[in-house]
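Work out the full structure: start from the sequences and follow the hints.
The numbers in UniProt numbering rise by one with no breaks, and the one at position 453 of the sequence shown is 453.
In case anyone wonders, no lab produced these hints; they're calculated from the structure.
Model, not experiment: these values are computed from the prediction.
No false leads were slipped in.
Label pairs and their in silico Cβ distance ranges:
no.	residue 1	residue 2	range
1	M51	K431	55 to 61 Å
2	T235	R137	20 to 26 Å
3	E395	K244	26 to 32 Å
By construction, the Cβ of each residue, glycine as well, lies at the ideal position given by its N, Cα and C atoms.
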Amino acid sequence: MVEENKESLFKPVGETAEELQEPAQTQDGVVLTGAADAMGHPVQEIESLCMNCHENGTTRLLLTSIPYFREVVIMSFECEHCGLKNSEIQPASSIQEKGSKYILKIEDKEDFNRQVVKAETASCKFVELDIEIPPKRGVLTTVEGLLEEMIDDLESDQEQRKQIDENLYNQIKDFIEKVKSYIDCKEGTLPLTFALDDPAGNSWIEYKPGEAQHKWSHSEYIRTDQQNVDIGIITRDQLEDRRKEQVAALANRERNKSQASTVLKSSEAFLSDATDIENFNNEVQTFTASCPSCMQSCDTHMKPVNIPHFKEVIIMSTVCEHCGYKSNEVKTGGAIPAQGRKITLLCDDPSDLSRDILKSETCSLVVPELHLDIQQGTLGGRFTTLEGLLRQVYEELESRVFTQTSDSMDEETKQRWVTFFAKLKDATDGKVKFTVIMEDPLAGSYIQNVYAPDPDPNMTIEDYDRTEEENEDLGLKDMEVN
1 MVEENKESLF
11 KPVGETAEEL
21 QEPAQTQDGV
31 VLTGAADAMG
41 HPVQEIESLC
51 MNCHENGTTR
61 LLLTSIPYFR
71 EVVIMSFECE
81 HCGLKNSEIQ
91 PASSIQEKGS
101 KYILKIEDKE
111 DFNRQVVKAE
121 TASCKFVELD
131 IEIPPKRGVL
141 TTVEGLLEEM
151 IDDLESDQEQ
161 RKQIDENLYN
171 QIKDFIEKVK
181 SYIDCKEGTL
191 PLTFALDDPA
201 GNSWIEYKPG
211 EAQHKWSHSE
221 YIRTDQQNVD
231 IGIITRDQLE
241 DRRKEQVAAL
251 ANRERNKSQA
261 STVLKSSEAF
271 LSDATDIENF
281 NNEVQTFTAS
291 CPSCMQSCDT
301 HMKPVNIPHF
311 KEVIIMSTVC
321 EHCGYKSNEV
331 KTGGAIPAQG
341 RKITLLCDDP
351 SDLSRDILKS
361 ETCSLVVPEL
371 HLDIQQGTLG
381 GRFTTLEGLL
391 RQVYEELESR
401 VFTQTSDSMD
411 EETKQRWVTF
421 FAKLKDATDG
431 KVKFTVIMED
441 PLAGSYIQNV
451 YAPDPDPNMT
461 IEDYDRTEEE
471 NEDLGLKDME
481 VN
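Here it is in structure tokens:
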């Protein structure tokens with residue numbers, strides 16, 4: 001019943017447009033939508049206060065759904081007293097579990113006509129133009145519409161700028177001409193990279209089924225504490241309390257590291273096993289599920305793979321042909337081991353970057369020399385190389401730090417981030433030595449031993465007993481085994 005009511009309220013935007021009658025126009029030029037006195041009319045009208053002249057104006061609401069995206073509310077305001085007009089779009093769904101980032105490669109005029117849902121929490125960036133549109137009101141528009149709106153905002157103040165600062169006027173004029181040359185697809189301008197980043201996960205760029213993979217991509221990420229404050233999930237006071245707890249936990253962790261290093265030197269090393277990966281089953285299992293992005297049916301492919309002398313893992317991949325959603329992850333199989341596992345690898349040669357690495361969802365990864373600390377759950381399950389993992393961390397962190405917080409960042413903090421990314425890039429390129437420490441309470445992570453079957457002089461594996469808190473977090477204390 002709830003689904004039926006939802007479908008009746010949020011009809012696709014195309015069907016809603018067909019239901020709307022041609023608006024009537026009175027002699028004084030006022031357009032009547034018919035919404036004020038029509039029961040069940042798609043457009044709802046509400047009398048509301050104009051913030052410009054403080055007289056009463058009219059707000060119109062349209063509940064609709066965008067195919068392969070989700071439900072939205074389109075709003076417009078008009079004041080007949082002062083002439084103020086405004087329109088925006090709001091998501092009708094709740095804040096998503098993860099943030100979303102879309103990247104579109106604009107290669108021709110048609111790509112400028114792609115629909116864009118930009119929520120009020122989203123920021124846009126045109127990379128080659130070095131333009132960033134910060135979060136503001138939500139809009140339903142096109143890629144070209146975003147640039148045209150920006151041009152209109154700049155041109156509206158050009159006459160005043162010419163009187164005050166002619167040099168600035170000329171610079172902005174040249175910039176506007178440059179943007180228009182991209183919109184007109186003049187020779188040498190394209191391709192243009194358009195990035196849309198929304199921590200709330202309620203923004204979207206239109207996807208065209210069957211197009212080349214390099215043109216459109218969608219990725220999800222775990223929000224930072226600051227982003228949770230920006231979108232209203234937690235308060236500033238809660239953020240400060242959480243940071244104090246993190247500082248205390250970090251201090252406690254450093255003490256534990258010092259104690260663990262003493263134990264590690266005296267313990268017997270656990271040798272990593274063979275590294276060649278063989279197929280446990282040559283068949284790829286496929287089953288139909290609902291796409292988490294557009295809720296349409298899509299196929300998920302699953303294949304069990306056996307890593308010799310380690311354990312069985314399951315590689316899963318999902319691609320939605322409707323909205324372009326893509327996901328791939330690795331799940332560990334088999335029984336839950338009695339102990340957790342800690343793997344320490346010294347990378348003192350560039351060839352170490354090509355080692356296979358399996359990082360499960362429950363694994364934390366620390367690189368002390370780079371001040372890199374990846375907590376459990378971050379990046380999900382990944383089977384890649386050490387170089388691939390570090391590059392993924394570099395790309396995701398850099399885009400989030402310098403896209404979301406660069407404007408509010410002080411110079412000292414910005415310099416620390418620049419230094420951090422420089423060290424991380426040197427490590428990714430094999431220019432510095434560093435130590436990788438992987439700690440997994442479910443012992444579901446793995447680093448390749450290139451010396452197998454002989455012991456690896458640079459790698460130490462230690463099994464340890466899980467704490468009561470870890471058992472509680474993993475739900476192991478509630479399990480009943482007969």
